[in-house]
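Visitor: As a plain string of letters, each chain reads:
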Amino acid sequence: MEIDVGKDFYHRLANRDSHQGDGKFTAIDFRNRFLKSLDNENAWLTDTEPIVLDFANVKKIGPSFANEAFAYFTKYASPEKLSKKIVFKNATRVQRMIIQEELETGHKRV
Amino acid sequence: MKKLSEKQKKHFFPLERKKRWKQLCAARIKKHKERLQKQLTVKDRVINADYYKTLEQRKQLREFLYKKTKYEEPPLTVGISDEFGIENENGIIYFLDKAASFIDFKSSELIFDLKNCTRVWPSAIILLCSLKQWVELTSNPGKTPKLASSNSDSSKVNSYLAHCGFYDYVGRPKDTIDSSYSDKEVVKIQRETKTKNIEQREEDIIKLLEEYSDLCKEDLELFNCVILTEIFNNVTEHGISHIDRGWWLLAQRHEQHKIISLCIADNGIGIRHSLMTGPQRDEIGKKVQNTTLNDGEFIKLALEENVSGSIYASIKTEGIIRKKYESGARRGNGLKRIEKACKNLKIPLSIISHYGYVFLDEYGKMINYGARKTRVFSGTMYHLVIKCK
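These protein sequences, in sequence, are chains A and B. Each residue of the first sequence is one higher than the one before, counting from 1 in the working numbering. Each residue of the second sequence is one higher than the one before, counting from 1001 in the working numbering.
Watch out, some of these pointers could steer you wrong.
Unchecked claim - Each pair of labels, with its calculated beta carbon distance range:
id: 1; chain 1: B; residue 1: K1389; chain 2: A; residue 2: L45; range: 50 to 60 Å
id: 2; chain 1: A; residue 1: N32; chain 2: B; residue 2: L1055; range: 15 to 25 Å
id: 3; chain 1: B; residue 1: R1191; chain 2: A; residue 2: E41; range: 27 to 37 Å
id: 4; chain 1: A; residue 1: N32; chain 2: B; residue 2: E1056; range: 43 to 53 Å
id: 5; chain 1: B; residue 1: T1374; chain 2: A; residue 2: I51; range: 48 to 58 Å
id: 6; chain 1: B; residue 1: N1090; chain 2: A; residue 2: N32; range: 49 to 59 Å
id: 7; chain 1: A; residue 1: L45; chain 2: B; residue 2: E1210; range: 22 to 32 Å
Stated by the list, open to error - EDC-like cross-link-like pairs, simulated, lysine to aspartate or glutamate; straight-line CA separation at most 20 Å:
id: 8; chain 1: A; residue 1: K59; chain 2: B; residue 2: E1210
id: 9; chain 1: A; residue 1: K59; chain 2: B; residue 2: D1113
id: 10; chain 1: B; residue 1: K1194; chain 2: A; residue 2: D22
id: 11; chain 1: A; residue 1: K59; chain 2: A; residue 2: D8
id: 12; chain 1: B; residue 1: K1196; chain 2: A; residue 2: D47
id: 13; chain 1: A; residue 1: K59; chain 2: B; residue 2: E1192
id: 14; chain 1: A; residue 1: K89; chain 2: B; residue 2: E1221
Everything labelled a hint here was simulated from the structure, so no lab data went into it. The beta-carbon is built from N, C-alpha and C at its ideal position, and this holds for glycine as well.
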């Protein structure tokens, strides 16, 4: 499955939830809309086709958004395993860095 | 069963109705709470048992902070000389001293004597605008104290105050228009009450930085994604409440000093209150004592550690040896991310929140932090200095 994040969702990925920014296009909305199938332990036990997120039309992604949308799943799997299930296509170096940092921080339990 | 007499019926029926009414109310409240919990679980992923306690605490705090004040003391005149603002490193102490002398004023009239003022920096304009709004917020209707300012001997100061949007903000007529100031070099201050304007303001700031800053394309992206986003998230999540929906920003290019000064502020409950009324208050309280004189320590803590004042912040759960956080999404890294990005981009960062302040230089080194006995800002201000091309 491939999702054009900028077109199918929004080009500004900044708000974690409805309390941040204008409260629209939040990470929670995104997760519930596109990554719902991964929100259970069984989804991480089997090898399935990855979900490809195309960032070509995304103008910005903030750490809070990346944390809530993607690092949320580190409760099921390590960042390495997560990167096999969710593939970030056409993301810039800065966008990749922000996502990676949030995945690593989210995985830590301290 | 014994039949009730008419007299008994008159006596017991109201009591019965009252009892039934109470039961009905209790059932409705229970149903409402269940529905709210269900909604939040789906939408915002709640979390901890004392959610309602946190909400109640924060509500009480807001009522206390924004309580109506009687501005009845004799008029106060505050003289401002030379440069006023934190953009100039030598002016930090002067700025804090001055701010502490009038932020918590109780006079019926507050006059700023700008006669000997040679420059008003954006940080000072933000301070005055937030004070203006604070006074309107905390005064009784019809009893708002008068705020006024005299003209400066320097025509540059007067024309800049007109140019940057300050006079429009406070409702003062503009005497002079100096054509040497360009609208391209400023994102003017205005009364911001709608969060939907954030995206437009972000674009305005980025346009200004693209034109004048020394940040390359990738640096600018990092600035936009991390610094701007997280500051606006903090302002909207912790700063804007149903009582006060105000926030401000002012960005200005200073050709002579080769800098762009960017200030974003709110009149919210402040960083210490935010941390100490959130679900992590017990953990945080073990590290820093909850007093106004520790306001600087709280800002420092938020810059250095993973702590959150969000009502949805996670709390540690029992582990085998010690308590730990669950893996997964976790709040409380916003200020840390801002600080790290500023360090990477060599941008000095200052945060002033109620009584406390922290000033970081371009290498992320803390050059000054602490707290004053009286407030130095009515909410929280984030200030950044970006070098020009």
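Visitor: So which of the earlier hints does this model not fit?
Guide: Those not satisfied are hints 3, 4, 7, 9, 12 and 13.
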